[in-house]
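Participant: Protein chains in written order, with numbering that gives the first Met the number 0: chain C, 0 to 730; chain H, 0 to 226; chain L, 0 to 79; chain B, 0 to 79.
Because the hints were derived from the structure by calculation, they are not lab data.
Treat the hints loosely; a few may be bogus.
[Claimed, not checked] With a straight-line Cα cutoff of 25 Å, these simulated DMTMM-like cross-link-like pairs (lysine to aspartate or glutamate) come out:
id: 1; chain 1: L; residue 1: Lys62; chain 2: B; residue 2: Asp31
id: 2; chain 1: B; residue 1: Lys52; chain 2: L; residue 2: Asp31
id: 3; chain 1: B; residue 1: Lys39; chain 2: L; residue 2: Asp25
id: 4; chain 1: C; residue 1: Lys135; chain 2: B; residue 2: Glu58
id: 5; chain 1: H; residue 1: Lys152; chain 2: L; residue 2: Asp31
id: 6; chain 1: C; residue 1: Lys325; chain 2: B; residue 2: Glu47
id: 7; chain 1: C; residue 1: Lys552; chain 2: H; residue 2: Glu212
id: 8; chain 1: C; residue 1: Lys186; chain 2: C; residue 2: Asp334
id: 9; chain 1: C; residue 1: Lys377; chain 2: C; residue 2: Glu514
id: 10; chain 1: C; residue 1: Lys56; chain 2: C; residue 2: Glu500
id: 11; chain 1: B; residue 1: Lys9; chain 2: L; residue 2: Asp31
[To be verified] Stretch by stretch, here's where chain C covers chain B in the computed footprint (C-beta under 8 Å, at least three residues):
id: 12; stretch: 14 to 23
id: 13; stretch: 50 to 56
Think of the CB as a built atom: it goes at the ideal place given N, C-alpha and C, for glycine as much as any other residue.
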Amino acid sequence: MMLVNEKVAIEHGLKPDEYKKICDLLKRVPNITELGIFSAMWNEHCSYKSSRLHLKKLPTKSKKVIQGPGENAGVIDIEDNDAIVFKIESHNHPSFIEPYQGAATGVGGIMRDVFTMGARPIANLNSIHFGSPQNKKTKNLLRGVVHGIGGYGNCMGVPTIAGQTSFDSSYNGNILVNAMTLGLVKKNKIFYSKAAGLNKPVIYVGSKTGRDGIHGASMASASFDDKIEEKKPTVQVGDPFTEKLLLEACLELMEGDSIIAIQDMGAAGLTSSSIEMASKGNLGIEIDLNKVPCREAKMTPYEIMLSESQERMLIVLENGKEEHAKRIFDKWNLDFAVIGQTTNSKNIELFFDNEQVANIPVNTLVENSPMYDRKWKKAKLPKKNKFKNVDFNNLKIKDVLKKILSNHNVCSKEWIWQQYDHTVMGDTIQKPGGDSGVVRVHGTNKAVAASVDSSAVYCWAHPLTGGKQVVAESWRNLISVGAKPIAITNCLNFGSPENEENMGEFVECVQGISEASKYLEFPVVSGNVSFYNQTKEVGIKPTPAIGGVGLIKDYKKMISMNFKEINNLVLIIGKTEGHIDQSLFARTILDEKNGPPPEVNLFNEKNNGESLLELIENNYIKSAHDISLGGLLTAISKMCIKGNKGIKLSKSKNLMNEIEYFFSEDQGRYIIEIKPKDLSEVVKILKKNSVHYEELGIIIDNELVINQKTKVTIDELKSYNTNWLKNYMSS
Amino acid sequence: MKSSVITFPGSNCDRDMDVALSKFGFKNKMVWHDDNELPKSDLVVLPGGFSYGDYLRCGSMASKSKIMQSVINFAKSGGLVMGICNGFQILVETGLVPGVLLRNKYLEFICKNVYVKVVNKQNPYFKNLDKDILELHIAHNEGNYFCTDDQLKEINENNQIAIYYCDEKGHTEEQHNPNGSLKNIAGIFNKEKNVLGMMPHPERMIDQSLSGEDGSIFFKNLINNLK
Amino acid sequence: MKVSAVITLKKDVLDPQGKVIHQTLDGMGFKDVNEIRQGKYFEIDVKENDPHKAKEIVEEMCKKLLANLVIENYKIIETQ
Amino acid sequence: MKVSAVITLKKDVLDPQGKVIHQTLDGMGFKDVNEIRQGKYFEIDVKENDPHKAKEIVEEMCKKLLANLVIENYKIIETQ
Ligand SMILES: Nc1ncnc2c1ncn2[C@@H]1O[C@H](COP(=O)(O)OP(=O)(O)O)[C@@H](O)[C@H]1O
Ligand SMILES: [Mg+2]
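Using the sequences and the hints given, assemble the complete structure.
Facilitator: Here it is in structure tokens:
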């Protein structure tokens, strides 16, 4: 067997002082299997050693939260004994190396996290970020990732109902692929990963273990360098068919009362799953590795423990339920093996060929894992740019609108979501393309809305503001479809924590997320941190992705953003101040990349959102849409496109320049459509709540009439907005 | 009316089909692929999904499963068998309907609403339908219908084409063909018209909150025809 | 012993994958391609050491499952 | 001339298709299979009559497009 020393430890991604700590904790030198286990458990991906300290700041509780962070996924209460289980997860590094399999296994992994808890997955979302469209690799990466997400999700029969796609050169060497899943479970049938009881059988089910993905978790914790070719063998291949069988088999077993604890084998496979179960139950586990179903001959204990083969689960069963469980997994043609049992040793003990090959106290792997208070640098709020009216005066609104609607970050992403089955399960009532995806809770009048958002540019310009903004945007997207926001999950994609600036971005984004979610009572129930999105010295723009979930009590009251009826009135809620810095307009038309992001006023955010919900509750709202990237005119255009209707805008009473008015990205704003007869009632409610509003115009047949001089037909708007991605992908 | 929906490993529209059939008055039973016998049924449905992961060829492995022998016998004795999407692919693999389903022309999965033109109403599925054009939903990766020239000749002679892809006015030009299907074929019968295979999913269009309601029209008409 | 089989589409059957790959190769600068057709390849390890018998078993598999004889041909290419 | 290439999964890479086909064959009564792995087969007709050069072109195609070298190997098996 290979001898272990500091050099070998460093090759495993451990730092010299971490290796020393392992020797101290064990009071001996670990063998190679043990070292492998430590390196897997102590890497950034599994141990959260750089982030733990800061994640503690996130608010995680509310009356609706059943389970916060710490389990496989978060759980929220949606009444009538129903609960939603949800989480987001990154699969960035694997997707850059092999986009199809990387993305596919990302989707597979997050679905397993959700059905491990007893929930049937009912919706998938994804947040994907690519390098600049001109970058040579971008097109193939995008195609591969989309095919991978679709390939896995479609086969599972889970609709992909929403997502987000962006392009930015900071992702040239590190794309981001974040996958999110929502599942539905009865409140009294939630399963957890905490083992309990002595001498309970430990069961392995699913696919066989192969050599794939050994050290995937450590790969996710390292930056890319020139040697990325060498990292290739760590790619895992997904098998959605087996996962579908595993889902059905697990749910079937969960109907009874056989399961004490269940945990999927995700990053670091059998290692982290067994250790987590033992650690939560304050127990030991012993495993006979000869019993683990293996795909390849002669796999070593090291390989078996570190394999990241997909579609596997670990279960602690009640005594005497083995036969019953085996029958179910046989029926679904899946591997089933009793591989060990719980013990009172509080150690993880592994046996192979009748010899003990590892014996480690569980607490050394979990509680004693390293935690760092990394150095970080506070970001300054950039100075505002002083734009002069002359900067705008020679711009034609129509030209600007065309450029913005066809910008790669605003244009329609239909090419992507048409490749995702978004209607399977027969409950999708709002497809991708709206503010949130919405699915009904099967057989009830309720519906669940979900959206995933991130604004890397704002976070890069000022992390604290950016962090707040993403949470607010998620909240707005839910409110726009008539859902009451309940909770969020977050996927924190950052550069290297060992770089003070990147670490600062992380710390302050988390601070911003924390402030906003506290204020909006929109707690964080699950999440994931992905550091080292870095190639050599270049890190990505900080990209926290927020997945929000909300409830619509009566699905017939759901709102969509398409303009509905000619002669209806269109209003804007929230104040337009003309904040141009960091707007898409400033960055693409003026080529001005400096300046602060728009401010987020949490009081207004909450007040405006809640007032809109009140209007929706009273049936006044015919369509609604939040204003985000591209500003007011972009939002209006999208409502025209979707509804196939036009609008005649009234002359604004505002004194600012038209360009600022139309393209600024001030926060907390929505556009709403109401019937003329309801205007006075609507205004009464808005005034009662002190919400700023303006009348924007009236819906007409098929033109966007901006002013006397400027008119754009709906067909023009459509062609601006829908062609870019299609053309790009087929060129 | 009694119906049976077969669940294969990897089927994922089986529940949706069950919901739809039940909604329009069928007494539906779910049947496991590994069973030997079909319950007594007026209609057997092979649902959509990815039976056996769509590995090898879509539908190929499901066509070899135990229950399929009974389904084939049932069809040969005149029983109504309908295959939707993956179910269509399974029917093709058993040879109950002619042709094959290749990968979509642009090699992309397509999920969207399309229009189809009903061209043959002399059969239990479309008899009495008061519309000629239905808006239905497709969601597939392999719906590109293909058959040999000889087969096509026979298909035409026997009026076996059930539905064509078209636009909302019923035009069946190539640009209304979502997947490259030969002659815009979206669904096809066996010679006797008791077996129907089609790519669109009527079961996803049974509620105005969903993608539309033309699926409801299809199912209501179907159960009335069977009564 | 191991037997390899190749399944190809019959000549008059459309091959959308082959066509798209052809276009892609063309776009990448491989201008000298007349045609490209995609097929499937199987490597089957059977418990049979007689090459003749092993081949027969695999032929049987091709006929019954691996190939759809309406549109595909099969060929046993190697036994070892 | 025509060149055939075979793309197979690397040895330790999971082959979900092969696995399911194996199970199905087993269910159909083919009990004597140890393993079955699926790969891709390409028949490429290139405008090049020198076998050596033709092979080189196809190798280039395999490297650049047809094979995913992260998980797959390629082999040129025939030129005619
Ligand atoms: N990768 C994707 N998967 C599914 N849907 C997507 C994806 N990317 C974008 N979309 C959909 O496109 C629409 C526009 O996205 P976006 O511009 O981010 O909306 P918003 O500004 O309202 O958050 C949304 O409905 C979103 O769900
Ligand atoms: Mg929105």
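Participant: Does each hint fit the structure? Answer for all of them.
Facilitator: Verification of the supplied hints:
no.: 1; hint: Lys62(L) x Asp31(B); verdict: 17 Å, holds
no.: 2; hint: Lys52(B) x Asp31(L); verdict: 12 Å, holds
no.: 3; hint: Lys39(B) x Asp25(L); verdict: 20 Å, holds
no.: 4; hint: Lys135(C) x Glu58(B); verdict: 22 Å, holds
no.: 5; hint: Lys152(H) x Asp31(L); verdict: 36 Å, violated
no.: 6; hint: Lys325(C) x Glu47(B); verdict: 58 Å, violated
no.: 7; hint: Lys552(C) x Glu212(H); verdict: 23 Å, holds
no.: 8; hint: Lys186(C) x Asp334(C); verdict: 29 Å, violated
no.: 9; hint: Lys377(C) x Glu514(C); verdict: 17 Å, holds
no.: 10; hint: Lys56(C) x Glu500(C); verdict: 20 Å, holds
no.: 11; hint: Lys9(B) x Asp31(L); verdict: 29 Å, violated
no.: 12; hint: 14 to 23; verdict: holds (count 5)
no.: 13; hint: 50 to 56; verdict: violated (count 0)
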